[in-house]
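Take the given structure of chain A and dock chain B to it, following the hints.
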Amino acid sequence: MVHARKGKPPRVGDNIVFRRSLLGIVLVLVALMIVAPLVVIAVEAFSRGAVYFAESIADPDTRHAILLTVITALIAVPINTAFGVAAAWAITKHDFRGKRLLTVIIELPFSVSPIVAGVAYLFVYGLQGLFGPVLQSMEIKILFALPGIVLASMFVTAPFVARELIPLMQAQGRDLEEAATSLGASGWRTFFSVTLPNIKWALLYGVVLCNSRVMGEFGAVSVVSGNIRGQTNTLPLHIELLYHDYNAAGSFAAASILACLAIVTLVVKVALERQGAGRVQRPAALAGADSIIPETKP
Amino acid sequence: MKIRLDNVVKEFETFRAVHGVSLDIESGELVALLGPSGSGKTTILRMVAGLEYADAGAIYFGDENATDIPVRERGVGFVFQHYALFPHMTVGENIAFGMKVSKVKRSPQAIAERVKELLDLVQLSGLKDRFPGQISGGQRQRVALARALAVDPRVLLLDEPFGALDANVRRDLRRWLRKIHDELGITTLFVTHDQEEALDLADRVVILNKGKIVQEGTPEAVCRNPADAFVMNFLGDANKLDADIRGGKAYVDAVAFDAEGVPDGSGQILFRPADVSWREQGQGIAAKILRVIDRPDSRRVLAMTGSGQAVEFDTAPEFPYRKGEEGFINIRRPRVYAAA
Chain A
1 MVHARKGKPP RVGDNIVFRR SLLGIVLVLV ALMIVAPLVV IAVEAFSRGA VYFAESIADP
61 DTRHAILLTV ITALIAVPIN TAFGVAAAWA ITKHDFRGKR LLTVIIELPF SVSPIVAGVA
121 YLFVYGLQGL FGPVLQSMEI KILFALPGIV LASMFVTAPF VARELIPLMQ AQGRDLEEAA
181 TSLGASGWRT FFSVTLPNIK WALLYGVVLC NSRVMGEFGA VSVVSGNIRG QTNTLPLHIE
241 LLYHDYNAAG SFAAASILAC LAIVTLVVKV ALERQGAGRV QRPAALAGAD SIIPETKP
Chain B
1 MKIRLDNVVK EFETFRAVHG VSLDIESGEL VALLGPSGSG KTTILRMVAG LEYADAGAIY
61 FGDENATDIP VRERGVGFVF QHYALFPHMT VGENIAFGMK VSKVKRSPQA IAERVKELLD
121 LVQLSGLKDR FPGQISGGQR QRVALARALA VDPRVLLLDE PFGALDANVR RDLRRWLRKI
181 HDELGITTLF VTHDQEEALD LADRVVILNK GKIVQEGTPE AVCRNPADAF VMNFLGDANK
241 LDADIRGGKA YVDAVAFDAE GVPDGSGQIL FRPADVSWRE QGQGIAAKIL RVIDRPDSRR
301 VLAMTGSGQA VEFDTAPEFP YRKGEEGFIN IRRPRVYAAA
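Going down the list, the protein sequences come from chains A and B.
Using my numbering, count along the first sequence one by one with no gaps and you end on 298.
Using my numbering, count along the second sequence one by one with no gaps and you end on 340.
Chain A extracted, bound-state conformation (with noise of 0.2 Å):
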């Protein structure tokens, strides 16, 4: 800087001593923390070579603990989605007593530890549990087995999708379902021809973090299973376990079919951000736009 004087940054707050060993520290953490760990993983997988890992991926258990953590995520994902849409349009667009504490809840399992939900769930639903007579007598298992992972599964990640809901469809009103009523529209037409597209991305991202945590899920999990192999053990159960068998390159293997599904995730949910971002007809953008385009006189 020409004009600036010596001694005195361009800026209030720049200070280029100050900003550079602020980007070093962070640079640094991110290395150890982040990075470091995924380059592990990768290169422990391949560590026995790439037969090795084929082989890791094809065994029976991995497979089917693949396959458990697949169906838990199918049948968790759309149920919460299906919950997330429901309590985010309840809340918005609807007035009743108790909606501050509603909204509370849901959030609930974000500042829960996953693994006092499993607890919880062994108090209801195991033998010794609220429910546990009734069940065992109707034979119904719910714990140690897919239902078990499943509710747990979908206790864990309740709230994704709502909570990327809720502020969005807060800040849209209910005019635009207003108006669609109005012209005559039905409930069902309202919400998927006016409602839904306006918070399609919104959705899609919720839903991208709600499954990658379905897929992820250990802690609530690990308690309701009961990490049966080749029966109730998800991906992540099963990798611990190869662990602690000593089996480091089949663990990381598999770690790496997890991690893979989180770059997924990452690159699925940015482009997500971009297309949310980049659009002009957003109804936040609306109401503040008048100012912006100058009126053409007819």
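The hints are simulated quantities; they were obtained by calculation from the structure and are not laboratory data.
Errors might be hidden in some of the hints.
Unchecked claim - Below are the DSS-like pairs computed for lysine-lysine, each with C-alpha atoms no more than 27 Å apart in a straight line:
id: 1; chain 1: A; residue 1: 93; chain 2: B; residue 2: 2
id: 2; chain 1: A; residue 1: 200; chain 2: B; residue 2: 128
id: 3; chain 1: B; residue 1: 128; chain 2: B; residue 2: 179
id: 4; chain 1: B; residue 1: 2; chain 2: B; residue 2: 288
id: 5; chain 1: B; residue 1: 100; chain 2: A; residue 2: 200
id: 6; chain 1: A; residue 1: 93; chain 2: B; residue 2: 100
id: 7; chain 1: B; residue 1: 116; chain 2: B; residue 2: 100
id: 8; chain 1: B; residue 1: 2; chain 2: B; residue 2: 128
The model shown is predicted, which means the values in this text are computed figures rather than measured ones.
Chain B in isolation, oriented as in the chain A frame:
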């Protein structure tokens, strides 16, 4: 379509409640609901639309009791203050929406023709394929009107239709809306807090305060004969002087004004700033000039009466007096009301 509100009541925990409103709107009339925020005007409009249900009372469309007909089937066109255009649909798709979801099936050609017709009507023929985000506020509101008209509503309802636009666009759109109304002859009810807008546009003005109708009539009637101090104040700048009312006369600083029919006791006289003249000598209420404010077409004088009450009045730009000078004010067209 004639609309009749019969003692309609809507209670809210907060403000904007409606306490028993009865109102007749003749077929083809353009009526303004005018009132300050929280006066219940929007709530009344939304009840006529069916977006809100009345707690008590009834709303008739012609002879049909429409009180419990849901908004979908009520056949009203509603225009929102913030347009409420569907942001993911083009202008053409927005206008076509009502026809597409209608129980009355129309062929795609018929819909396309009607869309074109409406775009011509609102003078936006070239903008059919634009998105709402790509047109100006005034254009958006015209699209919103076209969309509301597309379903051939029995009644057109507008909620502060020009509230989000700036002053110039507003005046143009106002005149334009009046033209459209005269062309189509559709019964129209609109809500505004802007008295100029109501007086400019409406056949009849309904003034509301605290959930009740305080006066209704033609713009001329409400302007010339405000029912009470609230209406007088709300319709425009007004001066207020406290007065004693005795035997049909109102006294301010020993000057008497005609106050026939106003009960004895404390009262007030109200008058417009333009209805005051200033004299150095003679009769009138004694006053002292505090300040003179210059405007392009006049001078506004701030004065204080002998008993310490503030008065503002407008004079010609040639008004020669200055701050500190003393004289007398004479009031034309004073209106005397009992104290509220």
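Now the hints, each set against the structure:
With a CA separation close to 32 Å, the supplied pair residue 93 of chain A and residue 2 of chain B exceeds the 27 Å bound. Of the pairs offered as hints, the one joining residue 200 of chain A and residue 128 of chain B holds, with about 24 Å between alpha carbons and a cut-off of 27 Å not exceeded. A threshold of 27 Å between alpha carbons decides the hint, and for residue 128 of chain B with residue 179 of chain B the separation of about 22 Å falls inside it, so the pair holds. Straight-line distance between C-alpha atoms of residue 2 of chain B and residue 288 of chain B comes to about 54 Å, which puts the hinted pair past the 27 Å bound.
For a cut-off of 27 Å, the pair hint linking residue 100 of chain B to residue 200 of chain A stands: about 22 Å separates their Cα positions. As the CA atoms of residue 93 of chain A and residue 100 of chain B are separated by approximately 24 Å, the hinted pair is consistent with the 27 Å bound. With a CA separation close to 15 Å, the supplied pair residue 116 of chain B and residue 100 of chain B stays within the 27 Å bound. A hinted pair counts as satisfied when its Cα atoms are at most 27 Å apart, and residue 2 of chain B with residue 128 of chain B does not qualify at roughly 33 Å.
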